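Asker: Read off the chains here:
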Amino acid sequence: MAEITQLIHQYLRHNKKFPLVFCPGCGHGIVLGSLVRSVHALGLAKDDVVIVAGIGCSGRIAAYVDFNTVHTTHGRALTVATGIKMANPKLTVIAVMGDGDAFSIGGNHLIHAARRNIGVTALVLNNFIYGMTGGQCSSTTPEGAYSHTCPQGQLESAFDIVELTRAAGAAGVSRGTVYHVKELDALMAEAISRPGFNLVEALTPCFTQYGRGNGFKSAVEMFKWLKSSCLSVERYEKLEDRTGKLPIGTFVRRDVDGLETRWANMRQALAAKKGGAA
Amino acid sequence: MTAPRKKRREAFLLGNEAVVEGALAAGCTFYAGYPITPSTEIMECMAKRLPHVPDGAFIQMEDEIASMGAVIGASLAGRKAMTATSGPGFSLMQEQIGYAAMTETPLVLVNVMRGGASTGLPTSPGQGDVQQARWGAHGDHPIIVLSATDVPECVEMTVAAFNFAEKYRSPVILLLDEITAHTREKIELPEPGDFEVFSRLTPTMPPEWYKPYEETMRGVPPMPPIGSGYRFHVTGLSHDPLGFPTSRPEEVRSLTERQFRKIDRFFEDIQIVEHVDTADAEVVVIAYGCVARSARLAVKQAREAGVRAGLLVLKTLYPFPRRHVEPMLRNCRLAVVPELNMGQLSREVKRVNEGYTTVRTINRIDGQIITPSQILKEIA
Amino acid sequence: MTGAPKDKAPAKPKSATAKAVNGKMANGNGNGNGNGQTLARYEIRLSGLGGQGILTMGKLLGQALAIGHGYYVTQTQSYGPEARGGASRADLVVSSEPISYPKTEYLDLLVALSQEAAASYYSYLKPRGALLIDADLVRQSPSSVALALPFTRLAREKVGVPQATNVVALGAVAYLLPFARIEAMRKSLKESLPEKICDANIKALNLGYQEAKKRLGEPIALPDPGEDDVQAARMDLTEIMTED
Amino acid sequence: MGRNRVVVYPDWCKGCGICAAFCPKKVFAVGQDGKARVVNEEACVNCGFCEPHCPDFAVLVIPGETDQTPCPPETAPDPAEQPAAKEVKP
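Heads up: the protein sequence lines correspond to chains U, A, E and G, in order.
Each residue of the first sequence is one higher than the one before, starting from 16 at the first, in the working numbering.
Each residue of the second sequence is one higher than the one before, starting from 937 at the first, in the working numbering.
Each residue of the third sequence is one higher than the one before, starting from 106 at the first, in the working numbering.
Each residue of the fourth sequence is one higher than the one before, starting from 5 at the first, in the working numbering.
Any given hint could turn out to be false.
[What the hints assert, rightly or not] According to the in silico footprint, chain U covers these stretches of chain A (three or more CB under 8 Å from chain U):
#1 1054-1063
#2 1098-1111
#3 1148-1156
#4 1159-1166
#5 1177-1185
#6 1200-1208
[Unchecked claim] Straight-line distance between alpha carbons at most 27 Å, and here's what the computed BS3-like set of lysine-lysine pairs gives:
#7 E:LYS318 x U:LYS288
#8 E:LYS263 x E:LYS301
#9 U:LYS289 x A:LYS984
#10 A:LYS1147 x U:LYS105
#11 U:LYS289 x U:LYS105
#12 A:LYS943 x E:LYS318
#13 E:LYS263 x E:LYS231
#14 U:LYS289 x E:LYS295
#15 U:LYS289 x E:LYS318
#16 A:LYS1147 x U:LYS61
#17 U:LYS197 x G:LYS39
#18 G:LYS29 x U:LYS232
#19 E:LYS308 x E:LYS231
#20 A:LYS1236 x A:LYS1286
#21 A:LYS1313 x A:LYS1286
#22 A:LYS1147 x A:LYS1198
#23 A:LYS943 x U:LYS289
#24 A:LYS1236 x A:LYS1198
#25 E:LYS318 x A:LYS984
#26 U:LYS31 x A:LYS1236
#27 U:LYS288 x E:LYS263
#28 U:LYS289 x U:LYS197
It should be emphasised that the hints constitute simulated quantities derived from the structure, not laboratory data.
Just so you know, these numbers come straight off a predicted model, no measurement behind them.
For every residue, glycine included, the Cβ atom is placed at its ideal position computed from N, Cα and C.
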């Protein structure tokens, strides 16, 4: 087993200060580990992988890992990722975002990235809250949950990320959790290798800003909650009473070319036409 | 000029179309944008041309914020990239302009100024974005702002914009106005070799020794394209020479100071102005963009009427070319600054004036160009 | 216009030849060699309704004069908010000298293809400026000496393409302008229009030219260079120009 | 059984307690210093839970020679576990 941790150590930047900036029990480090393992499993070279992160806790992941890393502005990770992918389609571009990044301020970019199917993997670390700014509700905060900006309980509904990105046209949509790590590894590897735009939502608890205010006694309690309430989509669909249960797994698999590929094909067709005419 | 030369290809183009000619001549291979009047022809023309340019890529994004994001991404991946916009779109881009300045990402942004605040006058000229171009993004940051007065200059100044962006690793804003952008004039189409074209320097040391934001002789660190073996961190946070976030006062200070110094140091190279009859002038008109054209005629007419008038056309607006403006203010009894706003560049002129002379402004904000006769009235 | 050299060549062209490429000097090559006519500042406004092809007409005319004849030309435009039906106009300034102020100030020739255009822009004509109108669409000519041809009817009936109205008018303008050549217009047309519609448009251009020759008498005389009231008038027009 | 070696790097450990809570053999405990420590190394069956679940990459299991029992699949909900909090749907 030692190879798991040692492998990750090989992918960390040795000139960065550790431990990670995240709070004790934050799942972000687990997602980072999962990301590294899936990239490693796919045999991708460090030089060919670009991590484009947004702002917030999730945005800090990029600095620790020895890929090409870009820490962008809040919500705009997908736009920069789109530019990189169009400029150099050979690169594996992974946009790492939080729920605020991806679904609130960057919601427009998300649906358009899905619609145009740019060949970028969106890894969304959903912790149901704005963590870095100190615990304000986000567009994934469940109805009824508490935060500093909904001290009486959230009145708004949360986004259904799967249905949102499915409707927008994404090539792949999946959800995993930081408790179900092996599955998360597999989901991520699948998403990175499928052409077009692929979204992986990773449920990762934020005890400091979300758990404490919503009845969890510790970070461990939140992991136990993930363990007990999440089950594979196949089993979820067979349930009669789905109250409090959450499906994980792959929800959408579409066979489409990434925009960068369609662009390249169009250029080729143009060149052929030109060559043929001459 | 007398030597016979090959007949060059000519075209009767809009200023906006000439920008595209300049961009392609400068080696631009990436465009991302969002349509907005009166800059849209730049985007449409790029959409037609880039599929035929080697490695060309074009993408219409969902908004101006996304356009700037894509341009930044493409530039990080090694492309010469640009976008164009106008008024409201320019406001949306400000956050990303600041990011590009902080991360020292070369790019060219053409802002075709239209009239009024907010939606204002979409099809009329204005020059109300001058101060925003300089200070629109929050926080202290250096930036280069250029302008052009006519269609041939749209080609030249776009090439200059790319060259400065690449040389100094900086976002460069080219401010046009609706009139310059929508005037058709003849240009001779640029051909390879017409212009000296600069490309950013890439590191020449082994990757392990590369420090992306290190102090160098030029103050401009080399910049490898993403994916070329130099793995480093890019962030909008204040960062140390390795590119990692830092809040240590001495590191933050030295980063910001270097960013300013790299532009200040090459001040002479960056400031582009044109002197028209200024040698013996006692009255000087200081103008830019389409208004400079009216000023040309006004100065000519003033000369014919016996007034020793001169014209200083500013093509670099920032860093403000004070070394050209200051001697004018010292030697002339009157300086006239006509512009299509309530007084934006004139603030800079007044700032460097320091009591030398009288500065008179002509301001027009009704969506119409300042006419030569309006200027003539002030100088004759 | 400018005697003094530019303080700094922006993009640093490599050689003197290259320097001229996009500089103002370059445009001087062959300036004023149209028909050997030297033009001071000749101002044309093409106007009508959106959808009549006014902007295309402006581009074709400007291109012919700039590239075919080698004049300095600036062409500017203004459009109504609607793509169809709104007022539309294209302005051209033609000169043997580099043009400073790119907009028209004081028209030598006004082409009006709508009643509204004729009424709105007539006051911008110079005292001896020429007015060319669509005989059918401009029912009330503001001037008794207006030159009139039924461009729209000619396009519809003789060319069979109502959309070619603008090119029929262009043919007439090519005849009326003493410094323009019809061949340059033809070339401009061929270079700019898709092949499919080129023949019909060449036909329209020739028709406009022939009709003008037949019915409109001599080409317009150029203003006397010695005329000095123009300058004075220009000064006085500042106020009404604010609307322009 | 067990000659597996289990290492915690105290510098990187933040004492979140995940390893201690979920280790099927109770190998770990969180000490007074707020860091995880190995208290029952001999019991380790190298099931593979702790390493990928440590958010700080601070746990290392160096396998010994003995037979290894894999962990049950993670998606199988433990019937003994009750939801810790009120129902929450993302």
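Asker: Going straight from one Cα to the other, do LYS288 (chain U) and LYS263 (chain E) come out at no more than 27 Å?
Answerer: violated, 38 Å
Asker: Does LYS1147 (chain A) pair with LYS105 (chain U) here, judged by a C-alpha cut-off of 27 Å?
Answerer: Holds, at roughly 25 Å.
Asker: Are there three or more residues in the segment 1098-1111 of chain A whose C-beta lies within less than 8 Å of some C-beta in chain U?
Answerer: violated (count 0)
Asker: Take the C-alpha atoms of LYS289 (chain U) and LYS984 (chain A), compute the straight-line distance between them, and say whether it is at most 27 Å.
Answerer: Satisfied, since the Cα-Cα distance of roughly 15 Å is no more than 27 Å.
Asker: Given the hinted pair LYS318 (chain E) and LYS984 (chain A), is their Cα-Cα distance within 27 Å?
Answerer: Given that 27 Å is the threshold and the Cα spacing comes to 40 Å, the pair is violated.
Asker: Are the Cα positions of LYS1236 (chain A) and LYS1286 (chain A) separated by 27 Å at most?
Answerer: With a Cα-Cα distance of about 25 Å, the restraint between LYS1236 (chain A) and LYS1286 (chain A) holds, given a limit of 27 Å.
Asker: LYS263 (chain E) and LYS231 (chain E): Cα distance at most 27 Å?
Answerer: Answer violated: LYS263 (chain E) to LYS231 (chain E) is near 33 Å, above 27 Å.
Asker: What's the verdict on LYS1313 (chain A) and LYS1286 (chain A), does the C-alpha distance respect the 27 Å limit or exceed it?
Answerer: holds, 21 Å
Asker: Starting from LYS197 (chain U), check that the Cα of LYS39 (chain G) is at most 27 Å away, please.
Answerer: The given pair, whose Cα atoms are some 25 Å apart, holds under the 27 Å limit.
Asker: For the pair we were handed, LYS308 (chain E) and LYS231 (chain E), check the Cα-Cα distance against 27 Å.
Answerer: Violated, because 32 Å separates the two Cα atoms, which is more than 27 Å.
Asker: Holds or violated: LYS289 (chain U) with LYS295 (chain E), Cα cutoff 27 Å?
Answerer: Holds - the C-alpha atoms of LYS295 (chain E) and LYS289 (chain U) are around 21 Å apart, at most 27 Å.
Asker: Could you grab the alpha-carbon distance between LYS318 (chain E) and LYS288 (chain U) and see if it respects the 27 Å cut-off?
Answerer: violated, 45 Å
Violated hints for the displayed structure, listed by number in ascending order: 1, 2, 3, 6, 7, 12, 13, 15, 19, 24, 25, 26, 27, 28.
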